[in-house]
Amino acid sequence: MSKPLLEVRELSRRFGGLLAVDRVSFAVQPGEIFGLIGPNGAGKTTLFNLISGTTAPSGGAVLWQGTPITGQAPDRLNRLGLARTFQNLRLFEGLSVLENLLVALQRHPRSSALDGLLGTARHRRAERQRLDTAWQLLQELGLAALAERRAGTLAYGDRRRLEMARALATRPQLLLLDEPAAGLNPAEKDQLGELISALRQRHQLSVLIIEHHVPLLMRLCDRLAVLDFGVRIALGSPEQVRRDPKVIEAYLGSGSNAGGRAP
Amino acid sequence: MIDVLLQTLLNAAASGGVYALVALGYTLVFSVLGVINFAQGALFSIGGYLTYLLMGGRIGVNGALPGWGLPAGLPFWLALLLAAAGSGLVGLLVERVAFAPLRRRGAEPLLALITSLGAGVVLVNLLQLLMGAEGYAFPEAALAGLPNALVIGGARIRSVQVLLLAVCAFAVLVLTLWLERSKGGRALRAVAEDATTAQLLGINSEAMVRLAFVVSGALAGLGGGLVGVSVSLAGPYMGISYGLKGLAVLVLGGLGSVSGAIAGGLLMGLAEALVPSDASGWRDAVAFAILFAVLLLRPSGLLGRRPVDRV
Amino acid sequence: MIDNGLLVQMLIGALLGLSVYLPLAAGQLSLATPAFYAVGGTLAALLSTRWSALGATAAGTLPLGSLVLELLLGGLLAGLLALLVGRLVLRLQGIYLAIATIALVEILRVAILNLPFTGGAVGIFGIPQPFATAAGYVLPALALLALAGWWCQRLEGMPLGRAMAAIRDDELAARCMGIDTTNVKLSAFVLSAVLAGSTGALAAHFLNTWNARQGSFDVSITTLAFVVLGGSRSWLGPVVGGLLLTALPELLRPVGDVRLVLFGLVILLGPVLAPQGLITPALLARLGRWGEEKER
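Chains A, B and C supply the protein sequences, listed in that same order. Under this note's numbering, the first residue of the first sequence is numbered 391, with each subsequent residue one higher. Under this note's numbering, the first residue of the second sequence is numbered 319, with each subsequent residue one higher. Under this note's numbering, the first residue of the third sequence is numbered 3, with each subsequent residue one higher.
This is chain A alone, in the form it adopts within the complex:
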């Protein structure tokens, strides 16, 4: 098997007395869609923040193509090839949809501030290229008609897609999706699965996805890890995970509202 794209080794995070993430290990292979599920409060989002560099881990390691990247700043990680979305949506709300993408495209291609100030041919060429890419992405995610709108004025589903487009614009190898289906209606949820598969194909992505909507992940993912109380209790194909007694117990034991979410 080739070297994993992302490897998480014994990663832990303590908040005061609480171990939010407890020695969790898994690896994401190139081209894979890898899901993280677990009941509310299982530590999924914390784990995500540890990987994307927005929270520092208390212990363990994160490796990118075999090189340790533990505790590096989110902007460096993004430049390495990890891009993420946010569960509670953090668009640049004051900027237009197009500008949101142009921000993310600032290194593709690179151009110096001096070129920009002088308005050189190189700068103009780079800008044209950025605009082309931005429009392609907008079309791909069905946002082209909204390009000039302020991001803060978009409908919820459009914001979710804009977050994905913005992450894609940074040209990641690994896309981290933090509950991309949250707040979407059933029809949008169905489309989301197809969209993610399509994006993986076209952009040669690996995807690490957290989602509450378990049926979606069961359909979409190549492999899944299940977290409960910060501990990884299962890892495997959707089929394996579905049958795992520990997983069934975690979901049934986590309260009456878990019924609908059980795998």
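Just so you know, these hints were derived from the structure itself, not from any lab. Any given hint could be a false lead.
To be verified - Selected chain C positions facing chain B (in silico; Cβ < 8 Å):
no. : residue
1   : 9
2   : 31
3   : 112
4   : 115
5   : 116
6   : 119
7   : 273
8   : 280
9   : 283
Using N, Cα and C, we set each Cβ at its ideal position, and we do this for glycine too.
Dock chains B and C against the given chain A, drawing on the hints supplied.
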């Protein structure tokens, strides 16, 4: 020799006490609203001039009413208390004009910084119109009955500094007791802790905000009166300089921390007192140099409460 | 009503407004502009009065080339200082940054007041004049403002300016999009300092004397007011704010000493009456549409 040492330490504690009063004023407002009232320095000046006028001091030749003064002067104690109360009321006015309209609209906190600066500019210049730009010394008899110097263990020290320190200490004590023990003080702290929860518990947070401004203005006014009597009134802008140093103390002690403001004030007073007299021109930079050094060495250490960036 | 002298002051006000605007456009409330202004002004005053190679004459004139050199050097020195200080203070956020920059202004003010070669409270006087009258300064001040405005406009259409806007909107999200936020903030801070430094160099000649009061906390307040009242969403805001608010106290001179009170009232009531400032995005959009219609 011991005279000098004792006097230096006393000076340090006395000016530190004044800084602490100013910083406490900032702290009260900051803890309930999360903003800084930049009119604090103007309230300091107002306290100083009010004390002077209430004691029967006359307006100088550059003022609006040259030679005017109250027919009879009050004793220093009473004048100081009334001046502090007056500054407190002006503080309330500042809240009504510069903070309340923005708060009602939920405007960004940056704007309150500007409006409070504007309120400060208005107040200081009104004071200048009334009193003129000249300095005022308090009448000789201001502290009638108090000897000019005290002899403690063979060392002679200026008694007005002792008085200043004592008043500051007393004010800080009263404030702390009030915050800890009284119903109003506890309500204020509850609002500072969590305004929404306090509201649910039936505390009128708007009233607490007003209270914070009154007490904060009174503290600044007290500082102004004390500095006026111990040194002199150096012009309406004198409060601005104390206001700025109070800011440095505020950050040093940690935003929103009462004990931090007191400790920071004393530390700042001591540091300034240690500046040798042949470099006294640099004294005004000491507070800010310390602030800078602290930020350099511990950018997150002494910073009190910091907003946590939630993902 | 507006003579050439006031016009130059207004242009200097607009330049300082832009200097406060630049860090703010990256979400950083810095009040350090007067410090950099003081650095540029002091450098120009020292160089032109002491360095004979610049060609100051006994009659108090100065070659134009020397002025340009001083503008560059003033900007450069201020920029270098900003590079050093910025690494330190830009780690701070919000009100902490504002206070730290006030501290910088005060430290520099006290330093200029006390250093052996800056002339103490009186300052440096008899600074040589590249122009015979105030009218001569209008053109260079206008040129500097035009250059600064043009660059601010360009900034909006290039990666640095977009990164600044993104940080202002959501710093963490900007970092997660690969933006080196430390560098972007530092760039905005340095650009702001360069502009203030060059402006100071020009102002020192225009004013003929230079002392510590030129870069005081008062200037922090007024320059910030330029941005807030003019509007902080576009570079045009601080320019308009700087022009108007510099003219205001002078235009109010007939009312005498009350003018400073009125000036304070403008700062006090401006944000209440016009929270977005005079130049709002909505206004710019309307102007834009109006322009398009006219073209058709």
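Consistency of the hints with the structure:
This hint is violated: residue 9 of chain C has a C-beta 24 Å from the nearest C-beta of chain B, more than the 8 Å allowed. The interface hint given for residue 31 of chain C is met, as the beta carbon of that residue sits about 6 Å from the closest beta carbon of chain B, less than 8 Å. Because the beta carbon of residue 112 of chain C sits about 4 Å from the nearest beta carbon in chain B, less than 8 Å, this interface hint is met. At a threshold of 8 Å, the smallest CB-CB gap from residue 115 of chain C to chain B is about 6 Å, leaving the interface hint in force.
A distance limit of 8 Å between C-beta atoms decides the matter here; for residue 116 of chain C the minimum to chain B is near 4 Å, and the interface restraint holds. Checking residue 119 of chain C against chain B by beta carbon gives a least distance of about 14 Å; that is not within 8 Å, so the hint is violated. Taken as an interface hint, residue 273 of chain C checks out: its beta carbon lies about 4 Å from the nearest beta carbon of chain B, inside 8 Å. Restraint check, residue 280 of chain C versus chain B: the minimum CB separation of about 14 Å is more than 8 Å; hint violated.
Hint on residue 283 of chain C is violated. Least Cβ distance to chain B is approximately 15 Å, over the 8 Å limit.
Of the numbered hints stated above, those contradicted by the structure are hints 1, 6, 8, 9, listed in ascending order.
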